[in-house]
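Colleague: Chains A and B, in that order, give the protein sequences. If you're matching positions, the first sequence starts at 1 in my numbering and goes up one per residue. If you're matching positions, the second sequence starts at 1 in my numbering and goes up one per residue.
FYI, nobody ran anything at the bench for these hints, they're computed from the structure. No false leads were mixed into what you were given.
Computed cross-link-like contacts, SDA-like style, restricted to lysine to any residue with a CA-CA straight-line distance of at most 20 Å:
| id | chain 1 | residue 1 | chain 2 | residue 2 |
| --- | --- | --- | --- | --- |
| 1 | A | LYS371 | A | ILE537 |
| 2 | B | LYS444 | A | GLY594 |
| 3 | A | LYS626 | B | ARG270 |
| 4 | A | LYS596 | B | GLU440 |
| 5 | A | LYS56 | B | ILE466 |
| 6 | A | LYS401 | A | PHE379 |
| 7 | B | LYS390 | A | ARG59 |
| 8 | A | LYS626 | B | GLY268 |
| 9 | B | LYS91 | B | THR381 |
| 10 | A | LYS358 | A | PHE379 |
| 11 | A | LYS53 | A | ASP77 |
| 12 | B | LYS444 | A | GLY591 |
| 13 | A | LYS596 | B | ARG422 |
| 14 | B | LYS475 | A | ARG59 |
| 15 | A | LYS631 | B | GLY268 |
| 16 | B | LYS390 | A | GLY58 |
| 17 | B | LYS319 | B | GLY389 |
| 18 | B | LYS475 | A | THR57 |
Please read all numbers here as calculations on a predicted model, not as lab measurements.
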Amino acid sequence: MNKIKIRIDQKEFSGNAGDTILKVAQENRISIPTLCHNDKISPTTSCFVCVVKDVKTGRFLPSCSATITEGMEIESDSTEVFEMRQAALNLLLSEHGGDCEAPCTIACPAHAQVEEYVRAGKNGMTLEALKIIKKRIPLPMSIGRVCPRFCEKDCRRNVIDPGQPVAINEFKRTSADIHFENYLEELPELSAPKVAIIGAGPAGYAAAYYLRLDGIGSEIFERLEKPGGMLRYGIPEYRLPKAIVDKEYAHLEKMGGITMHYNQELGKNLQLDQLKKKYDAVILTIGSWKPGPMYAEGEDLALGGIHWLEMIARNGWTGENPGKTIVVGGGNTAMDCVRTAVRLGSNEVWCYYRRTEKEMPAEAIEIQEAKEEGVQFKFLSAPVKVEKKGHRLAITFQEMKLGEPDASGRRRPVPIEGSEYTVEADTIIAAIGQQTIPPEGAKVNRWKDIDANRKNYHMEDNVFAAGDCVTGPATVVEAVAAGRIAALGVKAYLEGNEYQEPYTINVTRGLWQSLKKEDLVYLTAPVERTREALEFISLYDRKTSFKEVTLSFTVDQLKKEGERCLECSCTDKSTCKLKKHAETYLASPDGILGVKESYNADTRHPAILLDRNKCIKCGTCVKICKEVVNKSLLGFGNRGFETNIITAFGESLPDSCADCGECIENCPTGALGWKIKS
Amino acid sequence: MINRIKIGTGSCGIAAGADEVLAFFQENIKDIDIVEVGCIGHCYAEPLVEVETDTGSYFYSNVQPNIASLQRILNLEEINQLTFPKVRKEKELVKVSRLAGRINPVSLEEYKANHGYKALTKALQVAPADVIDQVKIGGLRGRGGGGFPTGMKWSFLAKHKTGEKVLICNADEGDPGAFMDRSLMESIPHQVMEGMLIAAHATGATQIFIYVRAEYPLAIRNLKIAIEQLQNTKLHVIDGREIVITVKEGAGAFVCGEETAMIHSLEGYRGIPRFRPPFPTDSGYKGHPSLINNVETFANIPVLINEGGEKFAEVGTEKSKGTKLFALAGDLKYSGIVEVPMGITIGEVVYEIGGAEKGSVKAVQIGGPSGGCIPEEHFDTPIDYDSLGKLGAIMGSGGLIVIGKQRCIVETARYFLDFTSRESCGKCTFCRVGNVRLLETLEKITSGNGTEQDLEFLEDMGPKIINGSLCGLGKSAPNPVLSTLRFFRSEYLEHVNEKKCRALECNKLVNVYIDKAICIQCGACLKTCPVNAISDDFIVDNTVCTRCNSCIEVCPKNCISRTAGGYHE
Ligand SMILES: Cc1cc2nc3c(=O)[nH]c(=O)nc-3n(C[C@H](O)[C@H](O)[C@H](O)COP(=O)(O)O)c2cc1C
Ligand code: SF4
Ligand code: SF4
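Bound-form chain A, shown alone:
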């Protein structure tokens, strides 16, 4: 038979009469994206993601259905074709409803696979959970204790039990407590390059850890005598026992290829320009260690919160009774200071804050626990003067009222004329945030933090920077997230590339605050149970010792708590073709906005989930059931924008479908899925 000759992207190919353009392209390894094309069924010609341009006629053709003709000239990789495919994908996304990833995973600054490790924990597979966690969170014992729990704030369980999200962080803490010491990840051989990391805090840890996972060794230079940074010298013992920090860092050494140097301070016995020469790359993870000013007269008489905590820490969490203590500030450091003062024996500890409790940046739970421990609060008061009063100190405050919201959205405190009052105290601590002390030779931004590219944490030359010293004081989890990206940045740099995070999309049903119970989609109906409570040590112990305040969940508690998880992510997130092509063609769920149809998920079948919100109306399932399975249990309903898939007589699919599942296997998205996730 005579072959038909065509050209695709200026290269000549041939095929048989009746062959589609797609077939010829595929045979010749030209990749054309398809959603609705399926070799098992007659063409559906629905998605139009496979369009190509017929140069001679100027027409765009669905390559899955258009057959080749002699002398045809096809364009499949031009800008025009790219834009057509992108537009088709944007349109499909604009009517697509669902959640690619669970909201918890999206909320986590490190994007740890939350739903997956919660599920592992629920099944009692705590080692599995730890492995998933450590893909993004290398300090799980610490973060499992001190994280402000971004994930839990967005957890969908809040829709059912407001204020009682799944206790996600406990999954890290317990899994790591059990396995951390015995588990060592598989490590590749070390390769030649060496990286210097300045600062052994969480960001430095993460950078060293993820470099090592890629076979790159490092030397860590630490200013203080022990590693841990804020974990050791900022966060008090009762929240994060230092024995735990020791274990985490012991792991780093156990990995091999990472060497620690202590008492090495940049600008003193360590010079950046020398490091730059000596090492293939340098990562600055020096943190933010300078206490912020109160802007009050005589403020030198007050102690800086972070300095004071560091001092107590070096003393092994012992120290003199500070007497009547006034802590100025409303953040987590302020809470750490007041609660530490209580433990050092003070029986009158005050927190003064210039706005109200509602505006306090500290975690609500910290404020709550401080109150339980007897700390007193005074709001709407800003310090104006500190002075000596005999052997004590006196601090003068001015009263405030709340005015207009400022850039952060919180209402700005406005001083009230003539409202000054003075109180006496033995110790005054200023816990007004921290600032970075940029090393000589570092680029800085207008907040005096190190100026690094946030995509890969590259500063300049072979220097990278990550963590608080780039962002200003933030959280441990944000520091490890940045440290990991910096490691990837360095790795790419060493290979002569520039790291760029892969483009990903996430379709979401929205934050839980915008959802009602009916909007939730479950694989299995979730248990009705309130959040497992953490066990606390006695209040007496809390007030008189630095013992850890709470006990880790037991595995049984994890199992029970895990059953509360709604398993929000899509059953198809790793195989969804819509997501995959959208990411290739840079389409986005916000690319084109408009109304979406909204359907209740059909969960009637014991094993199969039919979620029409995710359907792209290609009808592959309809044809599979009819042409391959010979059953015709699925069909189309409605027209136009309201088109959707209907089941025979609107009934649930029969039980026997559980043995077939052809429609599920061939659905290009997660509209049809098994009610089980692995």
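We have chain A already, so just place chain B with the ligands on it with the hints.
Modeller: Same frame as chain A, now just chain B with the ligands:
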């Protein structure tokens, strides 16, 4: 001497009350024949009665079912007598619809008496290929919208020498505002039948389907009667083949007028189009080669065969031959059906035939909801397939809607897109979702929330929808938006930048205002306002008013009006 009285009882006549007139006349006239006929195209004048006398016909318009009206007619008085607008007579060229409304639709004898089935006889005497040649020479192009050369399509079917072959008459007529096909089927069903039988001879077809929308009961009835008459007289036996003719009622989805969707629907499946090729002439109904032509296309055939291809081709332009029926509607005086020679200008149809007032017209929408909007300055454009295409419009099936100056162009585009987006079959991404996104953008603009980026979105997405849709519906749905954007961009910009609708049609962009200098404080408006937006001292609270216009309609002094400038969230 009155020979007989004809009453137009096509759907248009019935809608105007012809049924009652018929009943009244039948009761009160005993000695004169009363015949029901179809539509002569002057729909604005219904109910319409024709009185046939020895000296010619007299027409009476807007006839009432009462004695006075009847008496005047029987006395051939001049009151109510209809003199057809003169220009219309001059400009029209009535060939295909010559018998419509003039003969009893369900009388085979009457059709035959008017040269009916002469063309079939003539065709049967020559070889099929010769018939196709005549159709080619005549240059007839499909009247269903696409304008594909009919003779060529017939030859595609004829080239299949064995097996069953199917003819399908497309009588789905889904364009809102178009009713030419209905009128032809109701008024001269036999002429349509004759065209199909000639096609059956020319192509060797073995079976005929007529796919009529179910909303056309009278057409269906008349077609079925005609089929029975054919069977009784054996006229349906062509070249020894007994042609099975079946009327199928369509459920009224616009897209079922698309040929591949129609075939799916005939086969009993969901009416959705498929990719072509294969074309129906190679693989159609149940895989048999199938030919689809429009009602008007078939109705042209007996005319063409009777006068011969060469004569037929004398009318029209180089590439568009013959006459075309148009359904005139919108802001003009004489709405109804007209038959005009191809090549007549838009202006001649709108002003001279349609009687629209010069200066009152903004544009015409030609080609139905998926056609394009042509502005007044292009009214000298000849109506033919190619000239219209150049302006972003299409001939379509023959809907011609006149858009007066008082209409908002954005709202007009929105109106058409609202129809097409609802009628999308839902298969193609671009058509199903894209058109809804265009519609939402237009709604944003008419409600005063549009931006210039929205216009850019329309201009970017519109062509993509055209390029990325499978069938003619998606491929043409953005036409009204794109053509109005092309010709009336300033009106769009006014909505977007000045929050102004110059036609005062967009509710969100107007206020309702009472001119107190004229107001006589009669209180009529107060009483009629459904939301109590008018205060006791006759001031409209425009934050409450829903712009329903009730007060404007009820005011005896015409002192209430819509005014520009109110932009309301
Ligand atoms: C959405 C859509 C609707 C259509 N509706 C009709 C219709 O109502 N009547 C018709 O004759 N053709 C209609 N057509 C055109 C037919 O597909 C086909 O071209 C026509 O029937 C062929 O007949 P012709 O060659 O005699 O014009 C439609 C096409 C599309 C894409
Ligand atoms: S319910 Fe489970 S999956 Fe959903 S947000 Fe909460 S933890 Fe994540
Ligand atoms: S273009 Fe629209 S109507 Fe036509 S097949 Fe595609 S979705 Fe259906």
